[in-house]
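Enquirer: Take the given structure of chain A and dock chain B to it, following the hints.
2 protein chains.
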Amino acid sequence: MGLWGRGAPPVSAGAVAAGALSFLLLAGPARADEGMWTFDAFPAEKVRQAYGFAPDAAWLDHVRLSSVRLAGGCSAAFVSGQGLVQTNHHCARHCIQQLSTAEHNTVENGFYAATAGEERRCPDMEANQLTRITDVTDRIRRAIQGRSGAALAAALKAAEAEVARDCASGNENLRCDVVELYHGGAYHLYRYRRLLDVRLVFAPEDKIAFFGGDPDNFEFPRYDLDVSYLRVYGPDGRPLDTRQSYLSYAAADAAEGELVFTSGNPGHTDRLATVAELEFMRDVSLPRQLLFLAEMRGILLQMSAGGGEAERIARDRLFGLENSYKARLGQFQALVDPTLIESKRRDETMLRARVAERDDLQRRYGGAWDAIAAAMPVWRRLYDRFQVLEAGRGLQGDLFAHARLLLRYGAEQAKPDGERLPEFTAANFPGTRHRLLAAAPVYPELERVLLRASLTYLRRVLGPDDPLVRRVFGGRTAEQVADAAVAGSRLGDPAVRRRLLEGGPAVIAAADDPMLALARLVDAEARAVRQAYEDTVEAVRRQNATAIAQARFALYGTSVYPDATFSPRLSYGTVAGWQEPESGRRVAPFTTMGGAYERATGAFPFALPQSWLEARGRIDPATRFNMATTNDIIGGNSGSPVVNRQGEVVGLIFDGNIHSLGGDFGYDAAVNRAVAVSVGALREALAKIYGAGRLVRELDEK
Amino acid sequence: MGLWGRGAPPVSAGAVAAGALSFLLLAGPARADEGMWTFDAFPAEKVRQAYGFAPDAAWLDHVRLSSVRLAGGCSAAFVSGQGLVQTNHHCARHCIQQLSTAEHNTVENGFYAATAGEERRCPDMEANQLTRITDVTDRIRRAIQGRSGAALAAALKAAEAEVARDCASGNENLRCDVVELYHGGAYHLYRYRRLLDVRLVFAPEDKIAFFGGDPDNFEFPRYDLDVSYLRVYGPDGRPLDTRQSYLSYAAADAAEGELVFTSGNPGHTDRLATVAELEFMRDVSLPRQLLFLAEMRGILLQMSAGGGEAERIARDRLFGLENSYKARLGQFQALVDPTLIESKRRDETMLRARVAERDDLQRRYGGAWDAIAAAMPVWRRLYDRFQVLEAGRGLQGDLFAHARLLLRYGAEQAKPDGERLPEFTAANFPGTRHRLLAAAPVYPELERVLLRASLTYLRRVLGPDDPLVRRVFGGRTAEQVADAAVAGSRLGDPAVRRRLLEGGPAVIAAADDPMLALARLVDAEARAVRQAYEDTVEAVRRQNATAIAQARFALYGTSVYPDATFSPRLSYGTVAGWQEPESGRRVAPFTTMGGAYERATGAFPFALPQSWLEARGRIDPATRFNMATTNDIIGGNSGSPVVNRQGEVVGLIFDGNIHSLGGDFGYDAAVNRAVAVSVGALREALAKIYGAGRLVRELDEK
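These protein sequences, in sequence, are chains A and B. Okay, so the first sequence: first residue is 1 according to our numbering, each after it adds one. Okay, so the second sequence: first residue is 703 according to our numbering, each after it adds one.
A partial selection of chain A residues facing chain B, derived with a Cβ cut-off under 10 Å:
1. F292
2. L301
3. M303
4. P338
5. R381
6. A453
7. R459
8. A607
Label pairs and their computed distance ranges (CB to CB):
9. B/A1230 to A/A114: 55 to 61 Å
10. B/T1260 to A/A32: 55 to 61 Å
11. A/A150 to B/R990: 37 to 43 Å
12. A/S583 to B/F1255: 40 to 46 Å
13. A/T101 to B/A1290: 55 to 61 Å
14. B/Q1281 to A/D40: 54 to 60 Å
15. A/D241 to B/R990: 53 to 59 Å
16. B/Q1182 to A/R616: 22 to 28 Å
17. B/G1286 to A/A374: 18 to 24 Å
18. A/L421 to B/L1315: 44 to 50 Å
19. B/V1144 to A/G693: 56 to 62 Å
20. B/E1044 to A/A487: 48 to 54 Å
Don't read these hints as lab results, they were simulated from the structure. Just so it is clear, CB atoms sit at the ideal spot from N, CA and C, and this is done for glycine as well.
This is chain A alone, in the form it adopts within the complex (with noise of 0.2 Å):
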C-alpha cells in the first residue's frame, strides 16, 4: 500500500538495479506513460496519437468533479450520487481505529453500516471537491519581484495567504490553496469545497485489508482487498447530492493492454530537483529520517510484542510507520544506485549547457545550480535542530501535537494574516481546528512511549550541555519528563482543547497544563531554527529552483509536468504486466481471487479473515482481483480510481510495485507499475463475501 501521505513518497527497494533507467525528463519533456498531469494542462494530443483516444474538456471536468482529495494524504472518487466515495482501506485506516476499542475491534473485525442509520462519524477526516483551479502566477510574482532570502519568504507567505483569503472569502467550507507548480515556474490558485463530516460505511478485516502485511507491500503479484467506503454528508446533516459528479463503476474488468486513467493527488516527487539536493537526501535526510524510523519501529515492535490493548494501539502506528520506512528505504536505495545519480548529473549538465549556450538564459538563470548546492550544507548545519524541535522527532505524540497548536493559536492570532504560520491563516485555519477539536482517542500509553523515545533521541541530537536539552530535562531521565507530561496533561480531552481554543490567548497562556508547559519551553527555539530553515535554505532553494524552471519553459514550454504537489493531477498508462530485470521473470497484470487462498499460509500477515474461508464455495475463484498498470503514481494517489475510456471505474489504485519506490525520482516505463484493485473483485467481495447488499445496490444504480 502506501499511507502514501504528504510526508511519505514511495520509492525503491529492489528496484535498485533495475537496468537501464531513463530519467530524460530533467532534460527534455515527458516520453511514454509518464507524467503526473494537471487537469487544465493534460496532454491529450500525445495519448491521442498513441492510443487513439483522448480525454476530451468535458470528461476531464466529469473526472475531476467525480474525484476526491483526502486532506490526510489520500485519494478518493464519488461512486454513487448519494456522497458515496470509494478510497483504501488504508486511508481511512485512521478512522477506522479511532472507531475501534477493545470491545468492538473495527480494524480486526471490519465494518458494515447495513443501514444509513448506522454509518459513522470519522473524527478528524477531512475531504475536498476541486472546482476550480486560477493562474494568480502574475499576482504572485509582483508581490515577490525583486526579493530574495527572507524578504521573499515572508512576500511569497503574505501574498499566498491573501490569494487564499480572498478566494474563501472567509466561507470556511471553500478551501482555497495556491499551488507552487514547477516550484515557482507557476502559482495555481485551487478552490475546494471542504466537507468535513466524512462517515464510514463499510471496511474489511485488516486481514485481506493488507494481505501480505509489510512483506508484501509495495510488491506484486498482490492480493488486498484494500479498499473503504464512506459516505460525505453536507454541512445540513444529509448525504451529498452528488448526481452530477460521480464514476460508475463499469460493468466488466479492464483487458490487459487496455488504456486507463487514474485520477489523485499524488504528494510529492524529486523529479525535478538539482544533483546537490539529491545528494542531500542520499546523505543527510534519508539516512536521518531511516535511522529514526527504524529506532521508533523496534520500539512499537516490542510494545505490540506484549498482546492485549497495547498490541492493538502499537499495531495502528506501526502500520503507518512500516510502510514510511519501506518507501524511504527505496527511495535511499534509488539514490546510492551510481546508475541514477550518474544519470541525473548528464541530464542536469546537458540542461545547464543548453542555458548557457543562450546568452539571455545564462545571465537570469546560469547560476541557479550553484546557487542551491551552496544552500545544502546551511541545510547539513541546521537539520538535526529543526527536525527535532520542529518536525516532529525530539516530541511525538498527539498530546504535545495539540499543546504547540493551542499556544502557537494563542500567539499566531495576534498577527495580521500575511505574517502567520501557514496553519493559522483564515485560509487554513479551520482545517486545522477540525483535526484540533476532533473527538479521536489519545492512548496514554502510546503517548509515554512516544515522548520518552523522541526525547532521548532530542538529548542525543543536541548533547546533553544544549541549554535547551538542560530546560526540557531538568534533571530528569527521558522517562520522568516524559510520564510527568503525559500523566498531567488533560489535552487529550476534546472538551479541554475547545474551551483553551474558545477562550482565546489569554487562557491558553495562563494554563498549566504540562504539555502546555512543554510546549512553551521549546517554543521559541523551535520557532527560531523554523525561520531559519526558511529565510536560509528553502527561500534560496525556492527561488533557484524557479529559475530552473523557468528556463526549461523557455527551452520546452509546458511539455514538461510539474513535480507532484499533493494536488489533483491525472495520468494515464495501460494495464500491464513486466519483465523483472535482474532474473527475466515476467509478471503477469492479474491476480485471482482465488490465488489468495493458494497463498495463505494461516499464519500472520499471511492469514485471511474467517468471513473469506468461509465463502470460499461461493466466490468465483478466477475472479480477477488485483492489476497492475502503467500509470505513473506516487504517494498520496493511494484510493485514487482506474478510470476507463468512458469514465468508468475498473479499479481502485492502492500501490506501486516495488521498482514504483525509485518514482520519486524518474519513471522508467519498462517496470514501474501501479497496483489496484480490479473492479470486479470489489463488486464479488461485496456481495458473495460481505453481503453488502445496500451498498452493492447503490453502486449499480444508474
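Expert: Chain B alone, transformed into the frame defined by chain A:
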C-alpha cells in the same frame, strides 16, 4: 567508551565538519603522531627527532610482554607481579554481567574481592600475551603463488592453518595467529600465551564506569572511572607469575605536553581502503548495519522500559549496541562528508599516477584499483543474504550461535585442517571450544526477543517467497518459530553442549534439539553464500589490496604502517587538548574528580553511585580524572595502558573523542584525541572511595 571490539570500529558523529583533514597517508608516509605501529617496526628515530626520546629494544620488549590482549576485542596490561591485569570496566562488562544475578547485581553495585579467595572466574574470557613475532611472508607467498579467486582463497586458508598449526604444535596453551599486514603485503606469525583462567578482582559501579552514558560516549570533557582489575591464573590454578613483565603505576600523573605511549590492539581500520571500498561502506554496508542496529536498539529500549529483571538483561545488550551504533554513525558521517571522500580520491589518483610512471609497477599493480571496484557490485548482490544467513543479522541469540558451532563442528572435524572454517582449525579450536562450553547464563526471554526480531528481518530481506524463508517459517509467524526454538532448546545448559561436543558428529547429528534443527535448516545456504563471498569478493579484494600494498612498499618502503588487525601495536603522542573547528572553543586536556560532582544531576545517566556521594568529603576534588592525548588509537584499544618514557602506567585508555571516530579512515592531528583515566584518579578512587587496600598495596609493590 567503545566496546571497541573487532566488530565495532569507532568513527565520527560530529566530526563531519572537522575542517581540513589530512589523509595523505594513503599516498605518502605517516606524519605527526599518526600511526598504529607494530612492535617490530616502531619508528623510533622519528619519535626521537620529534621528542628527544625513543624507546629502545628492551623498552619495547618489556612493554610488549607486559601488554595483554583480551580475545573478545580489548586491550589490557599486567600491573603487578602476580598476574593482576588492568583493563576497562566495559572490557570486562560481559563477565561482570555474567556474574551478576537479580540478587547480586555486580553491574549496578560493583565488585571487590577483599581476599584472594573471593576473586571470581570469568566464564568465557581469554587473555593473550604476545611472546614472539616471526615474518612468514615468504612461506605464505610461496603457497599462494600464481593463484587467484577461489583457488587463492583456499590456498591461503590452508597455508595459514598450516603455519599456525606448526607453531602451536598441539599445545593449547599457545595461540598462533597469522596476521595479514598491509592487506597481505606481509604475513607475520604472532605467537601468544593463551590464558583462559581470568578472574574478576575489582569493578566499580557502572554509574561511574560509564557516567554520562550514551550521550557522553565518545565525548570530552569526561568523568568516567572506566576501569576493572582482573587476575590471570596459570594452568596450575595459581596467580600467574608476571614479575618479569608488568608495568608499574607511575607516582604522578602525566603533564600536559608530555610524551606518552599506548600499547594495545586496534581492531580494524580502513585507512588503506580504495575509494570504491569506501563508497561501498557509505552506500551499502554502513547504512544497512545502522538500520539494523537502530531497530534492535528500539526493541531493547522498549524491553528495558518495563523494569525489573528484563531491564537488567536488556540493558547489558543495549550497552554494546548503543556503542556500536554511535561509532558506526560516526563512520557514516565521516564518509558522507564530501571533504573526506574527495581527499581520498585525490590521494588515490596521485598514487595511481606514481605507479603508472613506472612500467614495472604499472604492469604488476596498475589494475588493482579497478579490480577491487569491479568486485563491489558483486558484493552488493551478495551482501544482504550474507548478512542475514552467515553474519548473524537474521538469526540472533546465543542459543543459535551455540547450535551452529556444534553443527559445524560435526562437519568440519572430518575435513583436513587446512580446509576447515578458520574457527575450527587445530590452532583456533581451543578458543572456540572455550566459548562454547563457558558456563555463561542464557536468558530465554532475551533469546526470544532477539530471534523474533531477526527472523522478521530475515524475511524482510530475503522476501516471503524465498524457498529458505518458506522452510524456516513453515507457515508460522516469526514469533511462533522463535518461541518454539527457544522454548524447546536445551543448549542453554553448558553440560548439554559439552555432552554433544564430546559425543562428536554422530551424536550431534542425532540430537533433536529445535535450535539445532533450525541451524541445520539454513546451514547449506549460509555456507554457500559465505563461500561465494570469499571466492568472488574477499579473494579479489585481498589479492588486489596486496598488489596496492606492494606498490606502496616499492614507492615508500615501510614508512607506512599497516591497517589495524586486532594485533598488538604501539602508538605515541602527547597529553593535549584541542580546539573545536566550528566554534573555536579550546578543550583542556584534563578533567578533575570534583568536576564529576558538578556535572551530576542525580538522574540516569548523570547520576553518581552512592559510594561517590558518600566519599565526596574524603577525596581531593582537584585530582585529575580523565585526560586527552594525541595517540592514534581505535576500537580494540580500549583498556590500553598509557605509559611514560620510563614505561610506567600514567593512564588507561577507554575512549576517543568525537573527532576520533573518523579515525577509521585517517588521523587528524589537530582534533583526533584518545581519552584515558589518569593514574592518580585510579589510586584516589581505590583508596578513598572503595577502600580497596589489598589492591592499592599490590599496585604499589615494587
